[in-house]
Amino acid sequence: QLVESGGGLVQPGGSLRLSCAASGFTFSSYEMNWVRQAPGKGLEWVSYISGGGRPTYYADSVRGRFTISRDNPRNSLYLQMNSLRADDTAVYYCASVAGGLLNYWGQGTLVTVSS
Amino acid sequence: QSALTQPRSVSGSPGQSVTISCTGTSSDVGGYNFVSWYQQHPGKVPKVMIYDVNKRPSGVPDRFSGSKSGNTASLTISGLQAEDEADYYCCSYAGTYSWVFGGGTKLTVL
Numbered sequence: 001q002l003v004e005s006g007g008g009l010v011q012p013g014g015s016l017r018l019s020c021a022a023s024g025f026t027f028s029s030y031e032m033n034w035v036r037q038a039p040g041k042g043l044e045w046v047s048y049i050s051g052g053g054r055p056t057y058y059a060d061s062v063r064g065r066f067t068i069s070r071d072n073p074r075n076s077l078y079l080q081m082n083s084l085r086a087d088d089t090a091v092y093y094c095a096s097v098a099g100g101l102l103n104y105w106g107q108g109t110l111v112t113v114s115s
Numbered sequence: 001q002s003a004l005t006q007p008r009s010v011s012g013s014p015g016q017s018v019t020i021s022c023t024g025t026s027s028d029v030g031g032y033n034f035v036s037w038y039q040q041h042p043g044k045v046p047k048v049m050i051y052d053v054n055k056r057p058s059g060v061p062d063r064f065s066g067s068k069s070g071n072t073a074s075l076t077i078s079g080l081q082a083e084d085e086a087d088y089y090c091c092s093y094a095g096t097y098s099w100v101f102g103g104g105t106k107l108t109v110l
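Quick note, the sequences are listed as chains A and B, same order. As numbered in our numbering, residues 1 to 115 make up the first sequence, in order. As numbered in our numbering, residues 1 to 110 make up the second sequence, in order.
A portion of the hints provided could be inaccurate.
Unchecked claim - Take a look, some chain B residues computed to stay more than 12 Å from chain A by CB distance:
hint, residue
1, Ser-11
2, Ser-17
3, Lys-47
4, Pro-61
5, Ser-67
6, Thr-76
As the list claims (entries may be wrong) - In the DSSO-like style, the derived pairs of lysine-lysine whose C-alpha atoms are separated by at most 30 Å in a straight line are:
hint, chain 1, residue 1, chain 2, residue 2
7, A, Lys-41, B, Lys-106
8, B, Lys-44, A, Lys-41
9, B, Lys-106, B, Lys-44
What the hints assert, rightly or not - Some chain B residues close to chain A (C-beta under 10 Å, calculated; not the full set):
hint, residue
10, Gly-30
11, Tyr-32
12, Phe-34
13, Pro-57
14, Gly-59
15, Tyr-97
16, Ser-98
17, Trp-99
18, Phe-101
19, Gly-102
These are calculated hints, taken from the structure and not from any lab test. Built from N, CA and C at the ideal position, the CB exists for glycine as well.
Build out the structure end to end from the sequences listed, making use of the hints.
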């Protein structure tokens, strides 16, 4: 099970840290991703992290502003989001990886960037 | 990292078949057999319907099938049912631990 938290309303230029709590599987063995979906729009891959925490990869739209990390003893995944913009407004999902598939998804947490 | 191309909408009557296409490039769809399809009902989490081009997770009806030719993948739903009405997204591994999604297709069951 994956449960996201940390979403909310933030002003443009602000920061927010999302968390994803994992349970029911050996978290450290799984690569993880963040995927987002703007209101009424499609899905967009955001970031990847390996089971051990390195390497990490980012979509061009967030590189340099977002940082993905994980705490395996705490079974937690994080997304630190800085310099937020209106077009970062979306539901953010954490998702595990199996082969080339984003297989298990959390229920998502809504981030709204607005003044 | 350009999005994969899907038709914005498709429709069909109950019992009929529909096919949704997903066109990418040799760097994503054409380069890997890691194409998946997600079904998303309004307000719900995306659900895997097809993975690795043509494999169905347990619990997904065999009315759903996937295929790929070159840079284009397809999802076919046969014997349409009312509950199939949803948004469908294709997704492909795009190399170097990145993924790319299609823009989504709204399926209407008439």
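Problem set entry | Hint check, failures only | 3, 10, 14
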